[in-house]
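A.B. asks: Could you build all of it, start to finish, from the sequences and the hints given here?
Number of protein chains: 2
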Amino acid sequence: MTEPTPRDSDVLQRHLRDIRELLSRQRLVEDLMHRQHGSHQDLVDSITHRQTIGWLRRKLDRLHPADIAHILEALPRDQRRLVWDLVRSDKDGEILLEVSDAVRPSLIETMDSNEIRAAAESLDADELADLAPDLPPEVVEDVLETLDQEEREHVRAAMSYPEDTVGALMDFDMVTVREDVTLEVVLRYLRRFEELPDHTDKLFVVDREERLRGILTLESLLINDPERLVSEVMKSRSLVTFAPEDDADEAAAAFERYDLISVPVVDGERRVIARVTVADMVDRIREESEAEILSQAGLREEEDIFAPIMRSVRNRWAWLAINLVTAFVASRVIGLFEDSIAQLVALAALMPIVAGIGGNAGNQTITMIVRAIAMGQVEPSAVWRLLGKEVGVALINGVVWGGVIGAVVWGLYGNPALGAVMIGAMTLNLLLAATAGVLIPLMRQRFGRDPALGGSVMITALTDSGGFFIFLGLATLFLL
Amino acid sequence: MTEPTPRDSDVLQRHLRDIRELLSRQRLVEDLMHRQHGSHQDLVDSITHRQTIGWLRRKLDRLHPADIAHILEALPRDQRRLVWDLVRSDKDGEILLEVSDAVRPSLIETMDSNEIRAAAESLDADELADLAPDLPPEVVEDVLETLDQEEREHVRAAMSYPEDTVGALMDFDMVTVREDVTLEVVLRYLRRFEELPDHTDKLFVVDREERLRGILTLESLLINDPERLVSEVMKSRSLVTFAPEDDADEAAAAFERYDLISVPVVDGERRVIARVTVADMVDRIREESEAEILSQAGLREEEDIFAPIMRSVRNRWAWLAINLVTAFVASRVIGLFEDSIAQLVALAALMPIVAGIGGNAGNQTITMIVRAIAMGQVEPSAVWRLLGKEVGVALINGVVWGGVIGAVVWGLYGNPALGAVMIGAMTLNLLLAATAGVLIPLMRQRFGRDPALGGSVMITALTDSGGFFIFLGLATLFLL
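Residue numbers (the UniProt record's numbering), protein chains in the order written: chain X, 1 to 480; chain Y, 1 to 480.
Careful, some of the hints might be misleading.
Same chains, same names: a pair is fine if it fits in one copy or spans any two.
Here are the computed lysine to aspartate or glutamate pairs in the EDC-like style, where the Cα-Cα straight-line distance is at most 20 Å [as the list claims (entries may be wrong)]:
| id | residue 1 | residue 2 |
| --- | --- | --- |
| 1 | Lys91 | Glu245 |
| 2 | Lys235 | Asp201 |
| 3 | Lys389 | Glu250 |
| 4 | Lys389 | Glu302 |
| 5 | Lys91 | Asp134 |
| 6 | Lys59 | Glu194 |
| 7 | Lys389 | Asp78 |
| 8 | Lys91 | Glu21 |
| 9 | Lys91 | Asp124 |
Just so you know, these hints were derived from the structure itself, not from any lab.
C.D. replies: Next up, the structure:
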């Protein structure tokens with residue numbers, strides 16, 4: 001009864017629209033919030049409300065937790081709270097896992113400790129570990145008490161690894177078999193299961209010490225003669241495995257490159273301790289790129305679009321502050337040349353063109369270099385080759401676009417020397433942008449920093465201040 | 001022998017480093033390109049070369065096609081060509097599939113038609129359809145000739161769907177069974193296969209007309225009593241299916257939301273015609289976010305970092321041109337106020353601060369709204385609520401940051417009125433940015449356009465020109 005919506009997002013969007021319409025048409029939320037009943041009209045309202053609520057509840061019962069999570073994210077806070085109250089409590093845990101980090105606190109803050117405890121108890125060890133940082137610590141302790149020794153260790157293990165490692169993504173649901181049995185025995189063994197762990201595409205073949213000996217894909221289990229031994233059909237060479245300390249993004253890249261479904265996680269003695277599945281990796285790939293897109297726009301993290309104003313202000317604060325500082329520096333550079341501008345006021349109108357083209361070209365270069373570094377395609381020794389190429393691109397752009405703008409400026413202001421200064425300043429600023437676009441990420445890489453972080457801010461600051469300085473400096477030298 | 005590298009990227013990066021070192025140390029590439037042998041030294045060189053080439057060839061033979069693709073992308077063009085010549089030709093097809101769109105042409109242009117034909121013939125129908133647009137049309141025709149009727153239809157079917165639909169991603173490898181047989185019969189049937197299609201996690205249950213009746217997961221095949229009928233254990237309700245015309249990104253979202261591995265693709269009469277797997281979707285999710293990141297930086301497409309200069313110039317041309325036009329407009333806005341600037345030259349130094357903060361805040365707003373729209377969380381009716389919130393954020397930022405900058409300006413220029421104009425101009429430009437950041441994507445959505453496209457350019461253009469106009473206008477009104 002809690003199946004995914006059959007024909008994906010269209011149907012899901014229709015559900016969302018239905019719920020939205022219902023909530024707004026009935027003034028349901030306002031009325032339920034205030035609960036001022038008494039008059040006859042209120043009685044009629046409350047009957048309609050009860051019907052509506054029954055309808056909503058039935059609708060929510062049929063939806064997949066991921067779909068409910070999506071609907072909750074799309075609702076303003078008051079409506080979200082109402083719908084969240086109507087969800088069957090046995091789904092609470094899974095929904096909390098599915099909603100975005102930005103929305104989760106708004107749901108948890110409406111629950112009392114018993115509800116939170118019930119939700120947490122419905123989860124697997126790895127899921128509980130994911131959710132734990134957002135839950136009240138005393139509730140987490142209570143829930144850990146209810147687990148058996150092994151599960152408790154699983155939760156603690158999963159919680160002990162940093163967010164960007166394989167350890168934080170692994171789960172403990174897996175089927176292991178021995179190599180000295182026949183496939184027939186494995187088939188009989190599997191029939192004793194009520195269900196297999198999600199995304200089981202292979203069984204892990206281990207020895208008595210739980211050390212990985214090989215993998216038995218369901219495919220080889222199914223296509224081979226049941227009389228054969230596991231050791232004959234298992235794959236035992238060139239196995240892809242991860243350690244819990246491995247970088248999650250590199251693991252995701254391996255899943256993508258080798259089209260994997262599940263991979264065993266082994267410890268230093270090759271004992272199988274857990275596994276990671278493609279479902280976790282898909283989420284990881286999505287989150288990773290989201291984070292990159294958000295940080296490019298200067299957003300610290302994903303935002304609940306219905307968050308209170310002050311929370312949004314805090315999310316965007318840091319970037320605006322940095323931007324103001326760099327803008328202020330650029331402003332002081334211009335201030336150095338106030339005399340020149342007073343003599344030739346056209347300089348004020350033209351200087352943003354020089355700064356703008358440098359910022360744009362610099363961002364193009366740095367984006368390309370950062371991506372190449374992230375994919376492991378660039379090493380520091382390539383610096384000269386890359387620099388040569390980017391300088392070439394900058395020279396062509398400088399001469400061509402500088403030439404166009406220079407000609408327009410000559411026509412506009414009737415001043416050929418001013419046009420020539422434009423060409424020179426644009427070309428020089430493009431060269432500055434190209435050099436910085438190559439060197440900033442490569443230098444960050446060499447010093448062991450994340451090459452992506454803040455590169456765009458630095459280069460824009462440089463091409464703004466640099467562009468103003470170059471243009472106003474050239475103008476002061478040659479025109480005044 | 002062509003297994004994935006066991007412990008993923010670390011090992012892969014070491015291979016890459018080995019190959020790079022070898023290629024540069026031996027001056028192998030230059031010598032092989034010129035092939036001027038004759039002297040004794042040349043003979044010695046050529047022996048060393050032969051050893052090196054043997055080593056390289058053996059190394060490449062052991063690598064997975066995806067890994068070779070990665071290495072090729074990371075090598076400059078001359079080295080890339082050498083390594084590509086050494087790869088065993090039976091891997092050519094798969095490597096061509098794996099390399100990025102930007103690098104693929106540089107490999108194909110070194111192959112003659114026979115090599116290309118051999119590579120293409122090694123591929124499945126759906127893979128051939130993916131590669132076909134990059135191959136010479138006559139070679140594609142030749143290869144189609146060699147296929148049987150059914151395969152040819154598959155290729156043509158896959159090629160007939162636009163790139164962003166399910167049809168372009170689907171493959172035709174799948175196992176179908178009937179519902180009126182026992183699981184034992186299915187198990188025996190599967191044992192007749194040499195191998196199962198990649199990512200087979202379920203069999204499709206169809207009737208005589210190939211219409212989908214249900215799905216039989218490998219899990220239920222394995223855990224249930226073999227005497228039971230397929231119809232008893234198959235899942236037949238709430239099946240996730242796609243039509244070939246469905247949007248690929250929505251399909252990817254469904255894979256992500258419901259943790260799917262493979263999904264049947266059905267036609268209008270529910271006949272199973274193909275399937276899509278999570279591997280295609282992972283690639284799709286990655287490509288989609290890459291494209292977004294690149295387009296934010298004004299790069300038309302992914303770039304081969306070793307591409308010739310002119311190709312890079314073309315890739316970045318359009319964005320720079322647009323930027324120059326908007327910068328020119330902003331410049332003309334400043335031009336309107338040249339008299340004011342001539343009277344109070346401090347205006348020239350301060351105006352970029354006003355424009356800058358507007359551009360930053362506007363990009364934050366539009367990024368958030370575009371993401372919410374893409375996830376189906378915003379509908380046009382939410383416009384007032386969102387506008388209210390963003391205006392609130394803008395007012396707070398305007399008063400706080402405007403106040404800080406206003407105070408600094410007062411101190412710096414000893415002119416309190418100038419400080420007050422700064423506060424007013426920054427606040428107004430932030431309000432403009434917030435309004436445009438909400439309205440531009442929502443209006444594009446209402447008119448059926450992609451809300452993401454070009455939003456950042458438009459808003460920056462608006463906050464630049466608008467910021468200059470607001471600041472210089474206020475200054476002209478109140479200060480002069």
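A.B. asks: Confirm or reject each hint.
C.D. replies: Hints versus structure:
1. Lys91 x Glu245: For Lys91 and Glu245, neither the intra-copy (32 Å) nor the inter-copy (33 Å) Cα distance is at most 20 Å.
2. Lys235 x Asp201: Both, since 13 Å and 19 Å are each at most 20 Å.
3. Lys389 x Glu250: Classified as neither; 29 Å inside a copy, 39 Å across copies.
4. Lys389 x Glu302: between (36 Å within a copy, 16 Å between copies)
5. Lys91 x Asp134: Within. Shortest intra-copy distance 17 Å satisfies the 20 Å Cα cut-off; inter-copy 48 Å does not.
6. Lys59 x Glu194: neither (28 Å within a copy, 46 Å between copies)
7. Lys389 x Asp78: between (55 Å within a copy, 15 Å between copies)
8. Lys91 x Glu21: Neither, since 24 Å and 56 Å both go past 20 Å.
9. Lys91 x Asp124: within (13 Å within a copy, 42 Å between copies)
In the structure shown, a violation is registered for the earlier hints numbered 1, 3, 6, 8, in ascending order.
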